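Novice: If you want the building blocks of each chain, they are given just below.
Number of protein chains: 2
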Amino acid sequence: MDYPEALEELVESLQQLPTIGPKSAQRLAFWLLESPEPKALRLSEAIRNARCQIRPCGRCFNYTDQEICQICSDPQRKSSVLCVVVQPKDIHALEKTREYRGSYHVLGGLLSPLDGIGPDEVRIQELLDRVHEENIDEVILALDTTVGGEATCLYLSRQLGPKTTVTRLAQGLPAGGNLDYTDEVTLGRAFRGRRRVEDLNPQ
Amino acid sequence: MDYPEALEELVESLQQLPTIGPKSAQRLAFWLLESPEPKALRLSEAIRNARCQIRPCGRCFNYTDQEICQICSDPQRKSSVLCVVVQPKDIHALEKTREYRGSYHVLGGLLSPLDGIGPDEVRIQELLDRVHEENIDEVILALDTTVGGEATCLYLSRQLGPKTTVTRLAQGLPAGGNLDYTDEVTLGRAFRGRRRVEDLNPQ
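Taken in order, these protein sequences are the chains called A and B. Per the working numbering, the first sequence starts with residue 10, numbered consecutively. Per the working numbering, the second sequence starts with residue 10, numbered consecutively.
Hints in this document: simulated from the structure, not taken from any laboratory. Possibly wrong hints are sitting among the right ones.
Pairs involving identical chains hold if they fit within one copy or between any two copies, as the list cannot separate such chains.
[Claimed, not checked] Simulated pairs of lysine to any residue, SDA-like, Cα-Cα distance not exceeding 20 Å:
| no. | residue 1 | residue 2 |
| --- | --- | --- |
| 1 | Lys32 | Arg110 |
| 2 | Lys48 | Arg60 |
| 3 | Lys48 | Ser33 |
| 4 | Lys32 | Thr106 |
| 5 | Lys98 | Ser44 |
| 6 | Lys98 | Pro27 |
| 7 | Lys87 | Glu108 |
| 8 | Lys172 | Glu17 |
| 9 | Lys48 | Ala34 |
| 10 | Lys87 | Asp129 |
| 11 | Lys48 | Asn58 |
| 12 | Lys48 | Gln35 |
| 13 | Lys32 | His101 |
| 14 | Lys98 | Tyr109 |
| 15 | Lys98 | Phe39 |
| 16 | Lys87 | Thr176 |
| 17 | Lys172 | Cys162 |
| 18 | Lys87 | Arg68 |
| 19 | Lys98 | Arg68 |
| 20 | Lys98 | Asp74 |
| 21 | Lys98 | Pro31 |
| 22 | Lys87 | Asn58 |
| 23 | Lys48 | Gly202 |
As the structure is a computational prediction, the values presented were derived from the model and not from experiment.
The following block holds chain A by itself, in its conformation from the complex (with noise of 0.2 Å):
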């Protein structure tokens, strides 16, 4: 027995979700027939509502229903630090932390020449026009701390520099962790960046 073609269809559009497998598309298909029609028919609406709306910043990128996001237009916040990130995403994440209270840049991708993105795929040119037109003092590198993150890194630093003061996170140990789990590039890393104590607790 097949099933209908509208079943299938389902199974098989969910199916291009990532980490979704056969099996696990088969079960989230038979809940969305199974379940009450209005929570079915939500995930539908939100899909399309999410494709219609979102779209975004014009500034930094970053997703917004609006022209420019909510980061961007807000008077509070520090307009001459610049915190460069891959993917929307990560705004959230280093939003989290409450640390940061400047403006970002989505780049949209690390740089990699074997995969065939160069500066020209990413938007680094509009990164550089952004440090030049809005008088930035610092930009932040807060990217994947990968092959092609250290390579954007780089590039970006000698793109920038001397004129702006380009900064990374910092690389070491993360909080919880087991010194002796710890492999041996973030342990060397994290020596490199040793710092005095008393300049991490003032008094």
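On the provided structure of chain A, position chain B as indicated by the hints.
Specialist: Chain B in isolation, oriented as in the chain A frame:
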């Protein structure tokens, strides 16, 4: 920073799905925003279409997009044998075995008096009517081997017998199973249900 409303709503409606927690919902929502528009809208459409087009078969309560499902309308299938299952997806599992060429009846649930699910909450009356009207010779109970499944088997065999032959699926060792990993209840049932070797491999 909060997400824009439409994105928040997408995350929340994804989180309704079984086995999708807040982190997965967020990841899926971003995927739906970042993937090509037709892919995301395909899922939205598929949910809507499935809910509009799929309904229970008028005879066996399997899912179908017709009045009567593919299996019920297949003239090649024996109509004198009825296999009782709990939910439409059980039919799919049984069909994959290619062992059975009769018709089905979807109960829609198992008896569970403690949860307030009595004979009137599942499609038992419909089953009794069908057995009577369609001159069914044998009713095969293909129910879970849980407490609810056992109770439902007992109830149905009392309601249907002795006029109709009521059988249930064999219980015993699973294919590829190791004896020492099999629990004692299953082993006990495998003992009680043992069969003569010559009956299993007829010359």
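Novice: Now look at each hint and say whether the structure bears it out.
Specialist: Consistency of the hints with the structure:
When the C-alpha separation of lysine 32 and arginine 110 is checked against a cutoff of 20 Å, the pair qualifies neither within a copy, at 44 Å, nor between copies, at 25 Å. Both within a single protomer and between protomers do lysine 48 and arginine 60 lie at most 20 Å apart by alpha-carbon distance, with minima of 19 Å and 11 Å respectively. For the homomeric pair lysine 48 and serine 33, the shortest alpha-carbon distances inside one copy (18 Å) and between copies (18 Å) are both at most 20 Å. For a Cα distance limit of 20 Å, the shortest separation of lysine 32 from threonine 106 across copies, 17 Å, qualifies, whereas the shortest one inside one copy, 37 Å, does not.
Taking the closest pair of Cα atoms, lysine 98 and serine 44 come within 20 Å of each other only across two copies (15 Å); inside a single copy the shortest separation is 30 Å, beyond that limit. For the identical chains of this complex, lysine 98 and proline 27 are intra-copy neighbours only, at 16 Å inside a copy versus 23 Å across copies, given an alpha-carbon limit of 20 Å. Taking the shortest Cα distances, lysine 87 and glutamate 108 sit within 20 Å of each other inside one copy (13 Å), while across copies they are farther apart (71 Å). Within a single copy, lysine 172 and glutamate 17 get their C-alpha atoms no closer than 58 Å, and across copies no closer than 39 Å, so neither meets the 20 Å cut-off.
Proximity of lysine 48 to alanine 34 under the C-alpha cut-off of 20 Å is found in both arrangements, the shortest distances being 17 Å within a copy and 15 Å between copies. For the homomeric pair lysine 87 and aspartate 129, neither the shortest alpha-carbon distance inside one copy (28 Å) nor that between copies (66 Å) is at most 20 Å. Taking the shortest Cα distances, lysine 48 and asparagine 58 sit within 20 Å of each other both inside one copy (15 Å) and across copies (14 Å). In this homomeric assembly, lysine 48 and glutamine 35 come within 20 Å of each other (Cα to Cα) both inside a single copy, at 17 Å, and across copies, at 18 Å.
In this assembly of identical chains, the alpha carbons of lysine 32 and histidine 101 lie at most 20 Å apart only when taken from different copies (12 Å versus 31 Å within one copy). Proximity of lysine 98 and tyrosine 109 under a CA criterion of 20 Å is satisfied intra-copy only: 15 Å inside one chain copy versus 50 Å between copies. For a Cα distance limit of 20 Å, the shortest separation of lysine 98 from phenylalanine 39 across copies, 8 Å, qualifies, whereas the shortest one inside one copy, 30 Å, does not. For the homomeric pair lysine 87 and threonine 176, the shortest alpha-carbon distance inside one copy (16 Å) is at most 20 Å, but the shortest distance between copies (75 Å) is not.
When the C-alpha separation of lysine 172 and cysteine 162 is checked against a cutoff of 20 Å, the pair qualifies only within one copy, where the shortest distance is 16 Å, while the shortest distance between copies is 80 Å. In this homomeric assembly, lysine 87 and arginine 68 come within 20 Å of each other (Cα to Cα) only inside a single copy, at 15 Å, whereas the closest approach across copies is 68 Å. Within a single copy, lysine 98 and arginine 68 get their C-alpha atoms as close as 16 Å, which meets the 20 Å cut-off; across copies the closest is 49 Å, which misses it. Proximity of lysine 98 to aspartate 74 under the C-alpha cut-off of 20 Å is restricted to the intra-copy arrangement: shortest distance 15 Å within a copy versus 40 Å between copies.
Taking CA atoms no more than 20 Å apart as the test, lysine 98 paired with proline 31 passes between copies only; the shortest distance there is 14 Å, against 27 Å inside one copy. Taking identical chains as interchangeable, the C-alpha atoms of lysine 87 and asparagine 58 are never at most 20 Å apart, the minima being 32 Å within one chain and 48 Å between chains. Taking the shortest Cα distances, lysine 48 and glycine 202 never come within 20 Å of each other, neither inside one copy (51 Å) nor across copies (45 Å).
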